[in-house]
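Undergrad: Residue strings, one per chain:
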Amino acid sequence: MLQQIIDRRLAGKNKSIGNRERFLRRYKDQIREAVRRAVDGRGIRDLERSEDVHIPKKDVSEPVFHHGSGGSREMVHPGNQEYLKGDKIQRPKGGGGQGGGGNQASDSGEGEDDFVFTLSKDEFMQVFFEDLALPHLIRTQLAETPEWKSHRAGFTSDGTPNNLHVVRSMRGALGRRIALGGDARRELRQCEERLAQLQANPHPTEAMAEREIAELEARIEELRAKVARVPFIDPIDLRFRSRVRTPVPTSKAVMFCLMDVSGSMDESRKELSKRFFILLYLFLTRHYEKIEIVFIRHHTQAQEVDEDAFFHSTETGGTVVSSALVLMEEIIRARYPSGEWNIYGAQASDGDNWHHDSGRCRELLEQKILPLCRYYAYVQVAEPEQNLWEEYARLAENTGSHFAMRKVTEASQIYPVFRDLFKKETAAAA
Amino acid sequence: MQTMMKDLKDGPLPLKTRPGEPLPGPSDWSFELVERYHEVIKQTAGRFGLDTYANQLEIITAEQMMDAYASVGMPVNYRHWSYGKEFISTEKNYRRGHMGLAYEIVINSNPCISYLMEENTMAMQALVIAHAAYGHNSFFKGNYLFRMWTDAGSIIDYLVYAKNYVAQCEERHGLEAVETFLDSCHALMNQGVDRYRRPSKLSLAQELARREEREAYAQRQVNDLWRTLPRREDKPEEAREERRFPSEPQENLLYFIEKNAPLLEPWQREIVRIVRKVAQYFYPQRQSQVMNEGWATFWHHHLLNTMYDDGYLTDGVMIEWLKSHTNVVYQPPVGHRAYSGINPYALGFAMYTDLKRICEHPTDEDRTWFPDIAGAPWLPTLDHAMRNFKDESFVGQFLSPQLMREFRLFSILDDEDRPELEISAIHDESGYRAVRENLSRQYDLGSREPNIQVWNVNLRGDRSLTLRHFQHNDRPLAEGAHEVLKHVARLWGFAVHLESVNGKNAVTKRWSVPAPNH
Numbered sequence: 001m002l003q004q005i006i007d008r009r010l011a012g013k014n015k016s017i018g019n020r021e022r023f024l025r026r027y028k029d030q031i032r033e034a035v036r037r038a039v040d041g042r043g044i045r046d047l048e049r050s051e052d053v054h055i056p057k058k059d060v061s062e063p064v065f066h067h068g069s070g071g072s073r074e075m076v077h078p079g080n081q082e083y084l085k086g087d088k089i090q091r092p093k094g095g096g097g098q099g100g101g102g103n104q105a106s107d108s109g110e111g112e113d114d115f116v117f118t119l120s121k122d123e124f125m126q127v128f129f130e131d132l133a134l135p136h137l138i139r140t141q142l143a144e145t146p147e148w149k150s151h152r153a154g155f156t157s158d159g160t161p162n163n164l165h166v167v168r169s170m171r172g173a174l175g176r177r178i179a180l181g182g183d184a185r186r187e188l189r190q191c192e193e194r195l196a197q198l199q200a201n202p203h204p205t206e207a208m209a210e211r212e213i214a215e216l217e218a219r220i221e222e223l224r225a226k227v228a229r230v231p232f233i234d235p236i237d238l239r240f241r242s243r244v245r246t247p248v249p250t251s252k253a254v255m256f257c258l259m260d261v262s263g264s265m266d267e268s269r270k271e272l273s274k275r276f277f278i279l280l281y282l283f284l285t286r287h288y289e290k291i292e293i294v295f296i297r298h299h300t301q302a303q304e305v306d307e308d309a310f311f312h313s314t315e316t317g318g319t320v321v322s323s324a325l326v327l328m329e330e331i332i333r334a335r336y337p338s339g340e341w342n343i344y345g346a347q348a349s350d351g352d353n354w355h356h357d358s359g360r361c362r363e364l365l366e367q368k369i370l371p372l373c374r375y376y377a378y379v380q381v382a383e384p385e386q387n388l389w390e391e392y393a394r395l396a397e398n399t400g401s402h403f404a405m406r407k408v409t410e411a412s413q414i415y416p417v418f419r420d421l422f423k424k425e426t427a428a429a430a
Numbered sequence: 001m002q003t004m005m006k007d008l009k010d011g012p013l014p015l016k017t018r019p020g021e022p023l024p025g026p027s028d029w030s031f032e033l034v035e036r037y038h039e040v041i042k043q044t045a046g047r048f049g050l051d052t053y054a055n056q057l058e059i060i061t062a063e064q065m066m067d068a069y070a071s072v073g074m075p076v077n078y079r080h081w082s083y084g085k086e087f088i089s090t091e092k093n094y095r096r097g098h099m100g101l102a103y104e105i106v107i108n109s110n111p112c113i114s115y116l117m118e119e120n121t122m123a124m125q126a127l128v129i130a131h132a133a134y135g136h137n138s139f140f141k142g143n144y145l146f147r148m149w150t151d152a153g154s155i156i157d158y159l160v161y162a163k164n165y166v167a168q169c170e171e172r173h174g175l176e177a178v179e180t181f182l183d184s185c186h187a188l189m190n191q192g193v194d195r196y197r198r199p200s201k202l203s204l205a206q207e208l209a210r211r212e213e214r215e216a217y218a219q220r221q222v223n224d225l226w227r228t229l230p231r232r233e234d235k236p237e238e239a240r241e242e243r244r245f246p247s248e249p250q251e252n253l254l255y256f257i258e259k260n261a262p263l264l265e266p267w268q269r270e271i272v273r274i275v276r277k278v279a280q281y282f283y284p285q286r287q288s289q290v291m292n293e294g295w296a297t298f299w300h301h302h303l304l305n306t307m308y309d310d311g312y313l314t315d316g317v318m319i320e321w322l323k324s325h326t327n328v329v330y331q332p333p334v335g336h337r338a339y340s341g342i343n344p345y346a347l348g349f350a351m352y353t354d355l356k357r358i359c360e361h362p363t364d365e366d367r368t369w370f371p372d373i374a375g376a377p378w379l380p381t382l383d384h385a386m387r388n389f390k391d392e393s394f395v396g397q398f399l400s401p402q403l404m405r406e407f408r409l410f411s412i413l414d415d416e417d418r419p420e421l422e423i424s425a426i427h428d429e430s431g432y433r434a435v436r437e438n439l440s441r442q443y444d445l446g447s448r449e450p451n452i453q454v455w456n457v458n459l460r461g462d463r464s465l466t467l468r469h470f471q472h473n474d475r476p477l478a479e480g481a482h483e484v485l486k487h488v489a490r491l492w493g494f495a496v497h498l499e500s501v502n503g504k505n506a507v508t509k510r511w512s513v514p515a516p517n518h
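Chains as they are written, first to last, in our numbering: chain A, 1 to 430; chain B, 1 to 518.
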C-alpha cells in the first residue's frame, strides 16, 4: 500500500490571509470605530500597537434555519442521580446550559458575547490614518511612495526583444553596409567599367590587354566576395527603444511643529499637545516619504530641537509665543524657499501668553507666515479663551481655509480633531 | 492480499514475531520514528482486517492547523469572509490557551490525508496515526453513508476547481457581488443536500467539460419555464390547465434554486452548485459523528493496547496516550460545569467496546436483547455495525441496557403546554426501550434540523416562491428565520414566503420577504 510522510511545515502558512482580508473589509465600520476608541485610551508611547476589536456577535453571525424553543421534545441526558420515572422538575430559568429542558446547551451558553479579534499593528495604523491628507498640497499630491513614470529616452543598443525598433535597426544596418562595403563597391564599379571598355575596344597590344582582362576579372571576383561578406544585419545594428524611469515631480513639503512648553503648560496639557504631535508625526512619516519636519518648542525663547528632545525632554519658563513664530519665519527664509516648498505649520499651546505678545503673534502670522504657508493649524489644549485665542479667532475670520483652530481639552478629542484638521481635500478643512 | 475484517471469525491474525525490544518513546519525534511506528500500527491494523484507503501523513505546524480549521478542515477551499472569521476566533482561542488544537485533522479523500502537528510528542503522533489514519480512514472507506454520498477520489480536485472558479467570478463580477451571493448560499447549506438520491461522480475533467453545456442547458430550461408567449389557440386545454410547480414538494432548496431561479446568471448558478456539492460532501459526517469518532477512538485504543501487549510500546508511551484518551472519552454528568450534551467520543467508544463485550462475554440480559450477536465473533460483528448504520440507527440497534445503566441515561420530556418538565424514562427495566428510542431520535438529522421544503411557485402571478416548514413535534423555527428568508429572496429574485405548518396541517406562522430590488 502506498504510504508517505510529507513535511508540509515549510509550505506556506497564512493560507487564510485572503479570508482575513475579506473579513476585515466586511467589518470596516466597526473596526474604524474600535480604532477611534482605542486611540483615546492609549498612552502616547504605545500608539503604534495592535488592538482588540469587539464586534457584537449578532453582526457576525450567519443566519440558518434552526429550531426555536417551544413545542415538545424529549432529550436524553447522562448521569442520572436521583430521578425516577414520572418525577417533575421546575423548568430552569433562562435555559442556560443546565441539562433540564435547554436544547443545544452550547448555543445558549454564550449568547451575547462579542466577537473579539486582534488587529495587527500595521492594520491598525492603516485604518488609523485612512482618508487623511495634507490640505492644499500644490500641484501633485505628495506621493505616498515615490512614484516613477517611465518615458521614452531615445534608443539604446541593448534591450529586450519586445523593445526592438525595426526601422532604426534596419537603417543602422544599411549605414553599416554602406560604410563597410562602399570602397569595395566603388572599386568594383570602376573595374567593371574598365573591363567593359577593354572588351568593347580591343587594345592593339593583345597580350597586355588579355592579361589586364584576366587581372580585372580576378579582382572583380575578389571584390564581389568582399561585398557579399558584409552581413545584411549584424548584432551591432540593433536598436532598442529606451525607456527610463524618472521620478514624478512631487512637491516638497515641510511641517513645522510648534509646541508651548512654558510653566503654565501642566503635565496634562503637555500630554495633550504631545499626543497631537505624535499623531501628526506618525501620520506624516507613514504616509509621505519625502517630508521634512521641523520641531520648535518655546517658552520665552524658541529653540529648534530634534524629534527626541521635542517629545521627551522637559523644560519650563514663561511664555512668549511670538518667539516661536519668529524662529519659524527665520528657518523658512533660510532653508525652505516658499516657491519650492509646501509649508505647513501646526501649533499647540494652552493659549496662556504674555498679554502684549498675542497681538504680535497675529500680525506675524497674518503678514509673514500665512502668506508662505499652505495650511496652518492651531490647537489649544486648554478651555479658557485668553487673548491668544481671541487674536487667532480674528485671524481665522479673515484668512479662510488656510488657517484652522480647534480646542482640545481631553485625550478623547485629539483623534477627532486631528482627523478634522487633516481630512482629505474633497471635504476641505476648516 | 489483505484479510477483510468480516472474514476474521476466529479473532485477529496472530503476531508473526515478537520484537526484541520496544520502539523508543522519546518526547521528540523524528521522521524515521514516525515511519517505524506507522509500520507497526499498519501491521497491527492489518491483523484486525481494517480496510483503509492509502495513507498520506502530513506534518504541519500549529499555524497551518489553524488554517486547515478555518477552511472546514479541507486543504483548499474557496475564499470567503466567514472562513476568515473562523480563523480569527480559532487563532484567538489558541493563543490565549483557551483551547488546545485538535491533535489531528483527517480528510476523507483518497489517499486519505492525516495531519500530524509538529508540536505533538512521539506518543501523540502514534495515537493520531492509529486514530486518524486507521480508525477514521477505515470508517470513511467502509461506512455506507460515505460510500453513497462522497467520492473520496475527486474531492480535492473539485475543491481546487471551486476555488479557482470563485476567484474568477470575483475578478469578473467584483468581490462584493460574489461575497453576498455566497452568504445567501451558505444560509441554505443545510437545506442544500439530497437525502435520497445518489449524486453522480464528479471529476475535475468532467466538471470542466460539462459546465458550459450545463450552463447553457440550465438557462434554456429556466427560460422555458418562464415562457410568457401566449399559447397556440389550437391547444386550449393545456393552456387552461393549472400547472402546479414544483409538482411535488422539494427538500433540496439549493438544487431547486440552481435549476429554477429565474434571474440568476450562469455564474451564479454554478456557485450555488459548488456550495451544494460541498454541503453534500459533509452531509454524511453530520449524521455519523458518534459512530465515526467512536470507531476511531475504539481502534486507537485497541491497536495501541495490542501493540503494548506485543511488546512494541514502552510504559511511558502508554501512560501518555492513555492520559489523552481518558480526557477525550470523559462524559461529564448532567448539571456538571463542563456538561454540554452527550460526548460523541464517549458514547461511540463505549458502544463499540460494549459490542465487543457482548460478543465475547454475553450476559443473560444481552442474550435476550441481542440474540443475533451475543456470542458471535466480534470482528465481523463490529465490521457490520460500522458499515451499515448511521448514528440514529446505530444507537437504535446497539445501545445495550448495561450501557444505559453505566451512563445513567434518562429522558426528560419538555412540553411547552405543561408547566414542568417530566422525567419520562430512566435506565430501568421499563425505561430502556424508551430511552434508547429517544436517544436514537435525537441523532436523527430530520429532527435536529427543521424540515423546510419548496412548496409552490406562483408561476402566473408575481413569481413568488413559497417554502413550507413542517414542524417536528410542533417545534417552531428560531428567530433567525426572517434573515434567512432574505437570503432566499436574493437567490430567487422575487418575493419569498415561508409557512410553518404544524402536525395538523394548519399554518401557524407565516413570514414574507418582498422581492429584492434589482
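It cannot be assumed that every hint is accurate.
[What the hints assert, rightly or not] Non-contacting residues of chain A with respect to chain B, defined by C-beta distances greater than 12 Å in every case (computed):
1. I55
2. S61
3. E82
4. K88
5. Q90
6. R91
7. F117
8. L174
9. E210
10. R224
11. P235
12. V305
13. E383
14. A393
15. N398
16. M405
[Said to hold, decoys possible] In silico PhoX-like links for lysine-lysine, alpha-carbon gap of 20 Å or less:
17. B:K92 with A:K58
18. B:K92 with A:K57
19. A:K149 with A:K290
By construction, these hints were calculated from the structure, which means they are not laboratory data.
We put the beta carbon where it would ideally sit given N, CA and C, even for glycine.
Undergrad: Take the hints in turn and mark each one as holding or not.
TA: Each hint tested on the structure:
Consistency note on I55 (chain A): stated as away from chain B, yet its beta-carbon is not over 12 Å from all of that chain's, at 9 Å minimum. Its closest Cβ contact with chain B, about 8 Å, brings S61 (chain A) to no more than 12 Å, contrary to its assignment away from the interface. Residue placement check: E82 (chain A) does not keep its beta carbon more than 12 Å from all beta carbons of chain B (closest about 10 Å). Some Cβ of chain B comes within 12 Å of the Cβ of K88 (chain A); the nearest lies about 4 Å off, and the non-interface call is violated.
A beta-carbon of chain B comes within 12 Å of the beta-carbon of Q90 (chain A); the shortest separation is about 6 Å. Its beta-carbon lying about 6 Å from the closest one in chain B, R91 (chain A) breaks the requirement of being farther than 12 Å from that chain. Separation of F117 (chain A) from chain B is inadequate, the least Cβ-Cβ distance of about 4 Å not exceeding the 12 Å criterion. For L174 (chain A), the shortest C-beta to C-beta distance to chain B comes to about 48 Å, beyond the 12 Å cut-off, and the non-interface label holds.
Under the 12 Å C-beta cut-off, the non-interface status given to E210 (chain A) relative to chain B holds; the minimum distance is some 83 Å. At roughly 62 Å from the closest C-beta of chain B, the C-beta of R224 (chain A) stays outside 12 Å, upholding its exclusion from the interface. Non-interface status of P235 (chain A) relative to chain B is upheld: no Cβ of that chain comes within 12 Å, the nearest being about 42 Å off. Even its closest Cβ contact with chain B, about 41 Å, leaves V305 (chain A) beyond 12 Å, as expected for a residue assigned away from the interface.
Distance to chain B confirms E383 (chain A) as a non-interface residue, since its nearest Cβ pair spans about 41 Å, more than 12 Å. Consistency note on A393 (chain A): stated as away from chain B, and its beta-carbon is indeed over 12 Å from all of that chain's, at 46 Å minimum. Even its closest Cβ contact with chain B, about 47 Å, leaves N398 (chain A) beyond 12 Å, as expected for a residue assigned away from the interface. Chain B leaves M405 (chain A) outside its interface by the beta-carbon criterion, the shortest separation being 41 Å against a cut-off of 12 Å.
Pair hint K92 (chain B) plus K58 (chain A) holds up; C-alpha atoms about 19 Å apart against a cutoff of 20 Å. Proximity of K92 (chain B) to K57 (chain A) is assessed by CA-CA distance (about 15 Å); at most 20 Å being required, the pair is judged to hold. Distance hint between K149 (chain A) and K290 (chain A) is fulfilled; the C-alpha atoms sit about 17 Å from each other, no more than 20 Å.
Consistency note: the structure conflicts with the earlier hints numbered 1, 2, 3, 4, 5, 6, 7.
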